[in-house]
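Visitor: Protein chains in written order, with my numbering: chain A, 1 to 348; chain B, 1 to 296.
If you are wondering where the hints come from, they were derived from the structure by calculation, not from laboratory data.
Glycine residues also receive a C-beta, built at the ideal position from the N, C-alpha and C atoms.
Just to be clear, a hint being listed does not mean it is correct.
[To be verified] With beta-carbon atoms standing in for the labels, derived distance ranges: (1) LEU218(A) - PRO211(B): 21 to 29 Å; (2) ASP20(A) - VAL86(B): 41 to 49 Å; (3) THR222(A) - PRO211(B): 19 to 27 Å; (4) GLY180(B) - ARG226(A): 28 to 36 Å.
Single-letter residue listing:
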Amino acid sequence: MTRAVITHHPQRSAAADRPDVDLSASVGGRVLPDPVLTASGCAAFGRELEPFLDLTAIGAVVTKSVMLAPRAGRPTPRMAETPSGMLNSIGLQGPGIDAFLAEDLPWLTERGIRAVVSIAGSSVDEYTKLAQRLRHVEGITAIEVNISCPNVESRGEVFACDPDATAAVVGAVRRSSAPGVPVLAKLSADVTDIVAVARSAVDAGADGLALINTLLGLVVDTDTMRPVLAGVTGGLSGPAIRPVAVRCVYQVHAALPDVPILGMGGIRHGLDALEFVLAGASAVSVGTATFNDPSAVARVSRELARALADRGFGSLREAVGHAHRHGRQPDPEPGEPAPPPPAEDPAP
Amino acid sequence: MTTAATRAAARVIQTRSEVISLRRAGAYHVMSLTGAGIPELTRPGHFLAVACGGDDGALLLRRTFSIYDVASRGVYGGTVDIVFAVQGKGTRWLAERHRHDALDIVGPLGKPFSLPRHPVSCVLVAGGYGSAPMFMLADQLRERGCRVDVVLGASTEEKLFGVLDAKRIAATLTLATEDGSVGERGRVTDVLPGVLDRTDADVVYACGPMPMLAAVAKVAQAHGAHSQCAVEEAMACGIGVCMTCVVPVVGDDGVTRMLRSCTDGPVFRGDRVRWDDLGTVPADCYGAPATGDGSA
Ligand SMILES: Cc1cc2nc3c(=O)[nH]c(=O)nc-3n(C[C@H](O)[C@H](O)[C@H](O)COP(=O)(O)OP(=O)(O)OC[C@H]3O[C@@H](n4cnc5c(N)ncnc54)[C@H](O)[C@@H]3O)c2cc1C
Ligand SMILES: Cc1cc2nc3c(=O)[nH]c(=O)nc-3n(C[C@H](O)[C@H](O)[C@H](O)COP(=O)(O)O)c2cc1C
Ligand code: FES
Chain A
1 MTRAVITHHP
11 QRSAAADRPD
21 VDLSASVGGR
31 VLPDPVLTAS
41 GCAAFGRELE
51 PFLDLTAIGA
61 VVTKSVMLAP
71 RAGRPTPRMA
81 ETPSGMLNSI
91 GLQGPGIDAF
101 LAEDLPWLTE
111 RGIRAVVSIA
121 GSSVDEYTKL
131 AQRLRHVEGI
141 TAIEVNISCP
151 NVESRGEVFA
161 CDPDATAAVV
171 GAVRRSSAPG
181 VPVLAKLSAD
191 VTDIVAVARS
201 AVDAGADGLA
211 LINTLLGLVV
221 DTDTMRPVLA
231 GVTGGLSGPA
241 IRPVAVRCVY
251 QVHAALPDVP
261 ILGMGGIRHG
271 LDALEFVLAG
281 ASAVSVGTAT
291 FNDPSAVARV
301 SRELARALAD
311 RGFGSLREAV
321 GHAHRHGRQP
331 DPEPGEPAPP
341 PPAEDPAP
Chain B
1 MTTAATRAAA
11 RVIQTRSEVI
21 SLRRAGAYHV
31 MSLTGAGIPE
41 LTRPGHFLAV
51 ACGGDDGALL
61 LRRTFSIYDV
71 ASRGVYGGTV
81 DIVFAVQGKG
91 TRWLAERHRH
101 DALDIVGPLG
111 KPFSLPRHPV
121 SCVLVAGGYG
131 SAPMFMLADQ
141 LRERGCRVDV
151 VLGASTEEKL
161 FGVLDAKRIA
171 ATLTLATEDG
181 SVGERGRVTD
191 VLPGVLDRTD
201 ADVVYACGPM
211 PMLAAVAKVA
221 QAHGAHSQCA
231 VEEAMACGIG
241 VCMTCVVPVV
251 GDDGVTRMLR
261 SCTDGPVFRG
271 DRVRWDDLGT
281 VPADCYGAPA
291 TGDGSA
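Pulled out of the complex, with its shape left as it was, chain B reads as follows (with noise of 0.2 Å):
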C-alpha cells in the first residue's frame, strides 16, 4: 500500500477515489472526491484527469478539469473538487455518479499559475466554468498581500459559476453576461479595460474558451500587464504521452514550437501563446514541415 515515505515524494497520484457529493450549482455539476494525497500536492490551476464510463466501457479517453478545491483533512481525509459542465458522452456519466461510487483519478497535474513575489495588484478573469480555479488562486494571492480583482463573464447567468464566493474573495466583482441576465451585458473583454485602468492591474489571471483566452490576452498587453491563461485543448491523456493537445508556442530563445498544454501547460504566459495561429502549425515552428507529410 501506500507508505507516508512515497506519498511525501510522490507529485503525481493515481488512485481509485470515491465520490462524495455531487451536487448541481447552475448550469454546472460540482464533485467531490476523496484526495489520497492529491489535496497536499494540488496548486491553483493544477487539473484532475477523471476515467469516465468503467472499465470496460466504451469511453478510453480521460476527461480533464481544473482543481476546484482542496482539503486536506476532514471526515473522509483529503478531498478534491471539481465543476463540470455537461458537453458530451463522458460528463453526462459523470453526472450520473453516486455518493460511494469509485472513479480513477489522476492528479495533479500540468504546471499550475506562477504567483508573484510581491504583493501586486492582480485581476482574475474567468469565462463559465474557467471561474474553478479562481477560487483557490484567489486565496493564495490574498494570502501574498496581493489585490485582487475579478471579472466573470457567461453567456448566461446560470452559467456564472461562482459568483457568491467571488464577491467574498475580491475586492471588487464584475459580471458580464452576454444576454444581459445579470451584470453588464457583453463579454468579459468589454468590461476589462475598465477594470485594469481602475485597478493599475500589474498581472491578469485567466481561464476559460480560447476566443476569451485570446482577446484577455490582447487587453492585458495593451495595458503592459503581464497575463497568466489556462488554455483549454482537447487532451486524451492529460499525462502528456499522446502529443493531440499541443499549442504553438513561442520560448524564451524566440522560436514557436508546438508545446503540450497538459504538461508544458495548461498556463501559458499570454503573450506567448500564438493565439490567431491556434489550429495551425505556423510555418515558421519548429520542425514545421518543409514538404511531405507522415502518418500518425
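Bound-form chain A, shown alone (with noise of 0.2 Å):
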C-alpha cells in the first residue's frame, strides 16, 4: 500500500527533531531498535497501519491473536466507549493459522516488519500445536502467550487466573518453539496477586512479560436497559486502566526486576509510556490509542525520546525501573491493599 501523507505530524524528518537518546530496548532477550510496538488486537496484521507510519522503524508489530482455525468472534454491537477508554468483545475474530502463516505474516516479514506474534488457545495442547506451526517460520521477533482465554478443559477458566494453568500453557509453548525465539506471557491484571502468575510464568520458561490485557468489564444501556455489547462482557481498554497496568507493572518489576516487562494499558502520549518505563517495563505496546490516532505509535515514540532527554536520561535502560530506586515503601493503611514487597535496585 501507499503512504499517507501525514500532514501535522512528518515521520521523515523526524531525525532532525529526533534527541540523542540511545531508545533501543531488550524483549526477553531480543534487541528492538525502538521501544514502542504495537498491541495486540489493536492493529490487526499491520497492514493497515502501514499508510500512517514506516512500520520497520517501530518496535514491532504484535499481531491479533492467532488461533488454530479460522474464527468469526462475537455478534455485534462489540463495542462500547466509556470515559477515556472502550469496551470491546471481538471475540477474537481470525483468519487461523494456516491463512496468518500463508498471507498474513509473510507481509510483515517480507518487508522487514519486526513481528511478535499472538497466539490464543482454549487448551494447552491447542497453544502446543500453535507453537509447533510457528516453530520453523523464519523472521519471528517474538511469541507473545494470550493466557487471557478460557480453558475449555476447565470449565472455562481463564488461564491467565490461575498460576497453574499460565504455568502448563507457558511451558508448552517455550518447549515447542524455537530456542532462540523468546516467548512472552501476556498476564491479565484481573487476578487477586499478578506476581503469582508472573512468577509462574517466569518459572514455566517465560522469557518476559507482556502486561495487561484488558480488564473485564460492562456497560448498561439505561435507553435499552440491556448490556449494550452482545457478548454482555467486555475487556475494558484505553487510558482509563492506564493507573492498574502501571501498578501492576511496579510490582511485577519489583518482585522480578531481571523479567523483561513490555508493559501496556492506556499509553496515548509519551510521557504515558515514561510512566511505564519508570515503573519497570523495558519496552511498551500502544493499543487503543491507534484508534484515536493511527499514527500514535510512532508519536509515542518521538514523545518519550523527547521526555527522555528532558530528564537527562541518555538512553531508554537507564530509565527501567526508576520509579523504584528511592523507593518510598508506605505502611498499609488500614483496609488499603499491601504494598508490593521492596524493591531490590534494578540498576543496569
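Hints in hand, dock the two standalone chains.
Guide: Have a look at this one:
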C-alpha cells in the first residue's frame, strides 16, 4: 500500500528533532531499535497501519491473537465507548494459523517489519500446536502468549487467572518454540495476585512478560436497559485502565527485577509510556490509542525520546525501573491493599 | 513536510485540518474542513474519520461521516465537507467547534460506490443524513450519461437533507416523511416500488439506517435491479484495525464472512449482505463457533 501523507506530524523529517537518546530496548533477549510496539488486537496484522507510519521503524507489530482455526468472533455490537476508554468483545475474530502463515505473516517479514506473533487457544494442546506451527517459521521476533482465554478443559476458567494453568500453557509453548525466539506471557490484571501469576509464568520458562490485557467490564444501555455488548461483558482498555496497568508493572518489576516487561494499558502520549518505563517496563505497546490516532505508535516513540532527554537520560535502559530506586514503601493503611514487596535495585 | 510525490502516491491522509465553516441545515450541521489532499482522492461513498474531544479528552474513538462534498481548489486549497446529526458526546462536541479550530481527520476511507460503465437508469435512495454521499454520486452518474432519480425519506421534514440540491440534479425527486410533513406519508420503501417501475431502474444506490437498507435491498432485488448499499455499523477506528464494525456478507464463493464495514465496505452489494442476520454470527458463517467462545 502507498504511504499516507501525515501533514501534522511528519515521519520522515523526524531525525532532525529526535533527541540523542538510545531508545533500543530489550524484550526477552531480543534487542529492538525502538521500544514502542503495537498492541495485540489493535493493529490487525499491520497492513492497515502502513499508510500512517513507517512500520519498519517501530519496535514491532504485535499481531492480533491467532488461533488454530479461523474464527468469526462475536456478534455486534462489539464495542462501547467509556470515559477515556472502551469496552470490546471481538471474540478473537481471525483467519486461523494456516491463512496467517500463508498471507499475513509473510506480508510483515517480507518488508522487514519485526513481528511479534500473539497466539491464543482454548486448551494447552491448542497452544502447543500453535507453537509447533511457528517453530520453523523464519523472521518471528517473539511469541506473545495471550492467556486471557477460557480453558475449555477447566470449565472455562481463564488461564491467566490461575498460576498453574498459566505455567502449563507457558511451559508448553516454551518447549515447543524455537529456542532463539523469546516467549512472552501476556498477563491479566483481573487476578488477586499478579506477582504470583508472573512468577509462575517465569518459572515455566517465559522469557518476558506482557502486561496488562484488558480488564473485564460491562456497560448497560439506559435506554434499552440491557447490556450494550452482544457478548454482555467486554474488555476495558484505554487511558481509563492506565493506573491499574502501571501498578501491575511496578509490582511485577519489584518482585522480578530481571524479567523484561512489555508494558501496556492506556498509553496515549510519550509521558504515559515513560510512566511504564519508570515503573519497570523495558518496552511498551500502544493499543487503543491507535484507534484515536493511527500514527500513535510512532508519535509516542518520539514523545518518549523527548521526555527521556528532558530528564537527562541518555538511554531508555537507564530509565527502566527508575521509580523504584528511591523506593518509598508506605506502611499499609488499614483497609488498603498491601504494598508490593520491597524493590531490589534494578540498576542496569 | 508533504512533497508532491508522496502526495500523489498517497491514498489515505491523516491531517490536522482547520474548520472553515459550520452551519445548520434543518436538523443537521454542515461542516467544511481544509482537506490537505483528501478532495483529490475522494470518490462518492468514501467517508472521513474524525477525532473528537481533543488530544487529552475522554473520547478516544473516531466518529465517521460520509464525505458530502469536496473542492480541490479555492481560497483554502482543497476542502472536504460533512453533514452530521448530533447524537451523542462526540457529535455534540463537533457541533460546538468554531471557524479556525483544528480537527484531526483521516480520509478518504472505505470502499466507495461502484459506478456503472454504461449509461443506465439509477435510483438513489437515502434516509435522513444518508443523502450526504448521494450528491457527488449523482453528479458522477450524470457525467456518465446515467438517468438519476432520487428518493429521500425521513421521519419529518427537517430531517431530510439536501432537498433543493436533489431537485436540481434528479430527473424526478420523491420525498417520503413518516409524519407526512412533506411529500408522501410513509417510508422510502413505500414509494420505491413505484419509482423503480416508472424509471425501469437498473441500479439502486442506498444510504441510510440499516432497516431501511435491508428493505431497499429487497425491493431492488424484487424488481431485478442491482443494489449498492452504504451500511452504518458502529465503528471505533474506521481504518480496519479493531474489528468492531463487522457485518455478515456472502462472498463470490457463496461463503458468508464477517466483513469489516470500514475497509470491505461501507458499500456492499445489497444482495450480498445477510440483512436478516445482522447482529448475529450466522451458524454457517466462516469460522462460526462450534463450541466455546474465547475472550477478546
Ligand atoms: C460509514 C459511515 C458513514 C456515516 N455518515 C454519517 C453522516 O454522514 N452523518 C451523520 O450524522 N452520521 C453519520 N454516520 C453515523 C455517525 O458516525 C454516528 O452518528 C456518530 O459516530 C455518533 O457519534 P456520537 O459521538 O454522537 O455518539 P456516541 O454514542 O458517543 O458514539 C460512541 C462511539 O460509537 C460509535 N458510533 C455510535 N453510533 C454510530 C453509528 N451510527 N455509526 C458509526 N459509529 C457509531 C462512534 O463512532 C463512537 O466511536 C456514519 C456512520 C458510518 C459508519
Ligand atoms: C479491540 C481490541 C482487541 C484486542 N484484542 C486482543 C487480542 O487479540 N489479544 C490480546 O492479547 N490482547 C488484545 N487486546 C488487548 C490489548 O492488546 C491491550 O492489552 C489492552 O487493550 C491494553 O492496552 P491499551 O489500553 O493500550 O489498549 C485487545 C484490545 C482491544 C481494544
Ligand atoms: S471500525 Fe475498526 S475495523 Fe472497522
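Visitor: Decide, hint by hint, whether the structure agrees.
Guide: Going through the hints against the structure:
1. Evaluation of the 21 to 29 Å hint for LEU218(A) and PRO211(B) yields a pass: the beta carbon distance comes to about 27 Å.
2. The hint said 41 to 49 Å for the Cβ distance between ASP20(A) and VAL86(B), and at roughly 48 Å that hint holds.
3. Evaluation of the 19 to 27 Å hint for THR222(A) and PRO211(B) yields a pass: the beta carbon distance comes to about 22 Å.
4. For GLY180(B) and ARG226(A), the Cβ-Cβ distance of about 33 Å falls inside the hinted range of 28 to 36 Å, so the restraint holds.
When the structure is compared with the earlier hints, no violation turns up for any of them.
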